[in-house]
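Participant: Sequence:
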Amino acid sequence: MMKNYLPVINTHFTLFGGHVETVRPGWKWKPEEHPAFELMYVIRGSQRTITETGEMILNTGEFTIIPVETRHTNYAVGNEKMTYFCMHFDLDDPTLKYLLIRSYADRIITSRDAEYQDLKDQVEVVMQLFKSKYDLEDQLDIQIDVLKIIKILVKVLKRDHHLQDYQNDINQFMLCQKIASDLKHRLDYEIYHASDPKSVSISKVVKSHHVSQSYVLKLFNRYYGESPQEYLIDLKLSSAKGLLLQPRVQINEVADKLAYSAPSHFSREFKKHFNITPRQYIQGVSK
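Numbering (our numbering), first residue to last: -2 to 284.
What the hints contain is simulated information worked out from the structure, not anything from laboratory work.
Note that the coordinates shown come from a computational prediction; the quantities given were computed from them, not determined experimentally.
Glycine residues also receive a C-beta, built at the ideal position from the N, C-alpha and C atoms.
Among these hints, one or two may not hold up.
Said to hold, decoys possible - In silico DSS-like cross-links for lysine-lysine, where the CA-CA straight-line distance does not exceed 27 Å:
| hint | residue 1 | residue 2 |
| --- | --- | --- |
| 1 | K175 | K215 |
| 2 | K27 | K269 |
| 3 | K195 | K27 |
What the hints assert, rightly or not - So the derived label-pair ranges between C-beta atoms look like this:
| hint | residue 1 | residue 2 | range |
| --- | --- | --- | --- |
| 4 | P91 | S211 | 23 to 29 Å |
| 5 | M171 | R104 | 35 to 41 Å |
| 6 | G51 | Q226 | 28 to 34 Å |
| 7 | H207 | G58 | 17 to 23 Å |
| 8 | Q140 | V5 | 15 to 21 Å |
With the hints as extra help, turn the sequences into a complete structure.
Facilitator: As C-alpha cells, then:
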C-alpha cells in the first residue's frame, strides 16, 4: 500500500522590512538595487518607476514587483502628495524566484488582473501589523501573512499554461540572470564609477562562467529578447533617463557620465531606443 508523505522543505525566507510613507510632489529616490524583491503599492497619487528594462507609471491602487538586483529609480509625479507602501522580501527557492521574475518584471498589477483583489486585501492585512515593537508571535504572523502574498502571486501563475514547463529551464534562466548581474556590476565599475571610463568586455564576463558566447547569446535572446550588447545599451539608457530627470542637468553632462564619445552620439542612440530625443524627454516629463 502506497503511503503519502509531506515533502522535505528547506527554503530560506527573509523579510527586509516595509513601510508606508507620504512624499511631496517632485520627490525622487536615488537609483538603487536590492538583493531582494521589492513590492510597491501606490496608495494615493502616482509614481514613475524607471528600471533597467522599462518605465512604468503606477496610479492609485496599483502594484508592481521589482525583481532581485534590478536597478530602479522612483519618482512622485503630478502636483499632489503621493503615499506608498513598499516591502522587501527574498526566498532562496529557485522555482519561486523564476516565476516571480519572469512574470512580474516591468508589469503593473491593476484591478483588471485576476490576482489584484486578493493581493490588495492581503497587503492591507500586512499594513495593519505595523507596531513599534514585535514579539515572537507578531513576527510569526508577519511571516505567514507575507508568505500569503507570495502564494497569491504564484497561484495565478500556476494557472498560466505557458509556465507548465518552467522546471526545464530554471537553471538556464538563473545562469542568464547571473551573467546579466555581472555585466551590470562591470558597467558600474568600468563606466559609472571609473575616473577613466572604458567599454565593458562581454567576452571576459562570459568566459568567467565557462560557457560559450553563442550559448549566452541564445540565453539572452530567449529570456531578454535581445543580445548581451543590447542589454548593456538598455542599462546605460535606463540610467540616462534617471540622470535627465535631475534639476538643471545638461545633456552633455549625461553623455560624459555614460562614457559616450560625444553628446550627439548619445542623443542619436537615445532617440533610436525611445523614439524621442533627450531634450524632448526632459520637456515631456516636466510638463
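Participant: Could you check the structure against the hints above and give me the numbers of any it violates, in ascending order?
Facilitator: Failing hints, ascending: 5, 6, 7.
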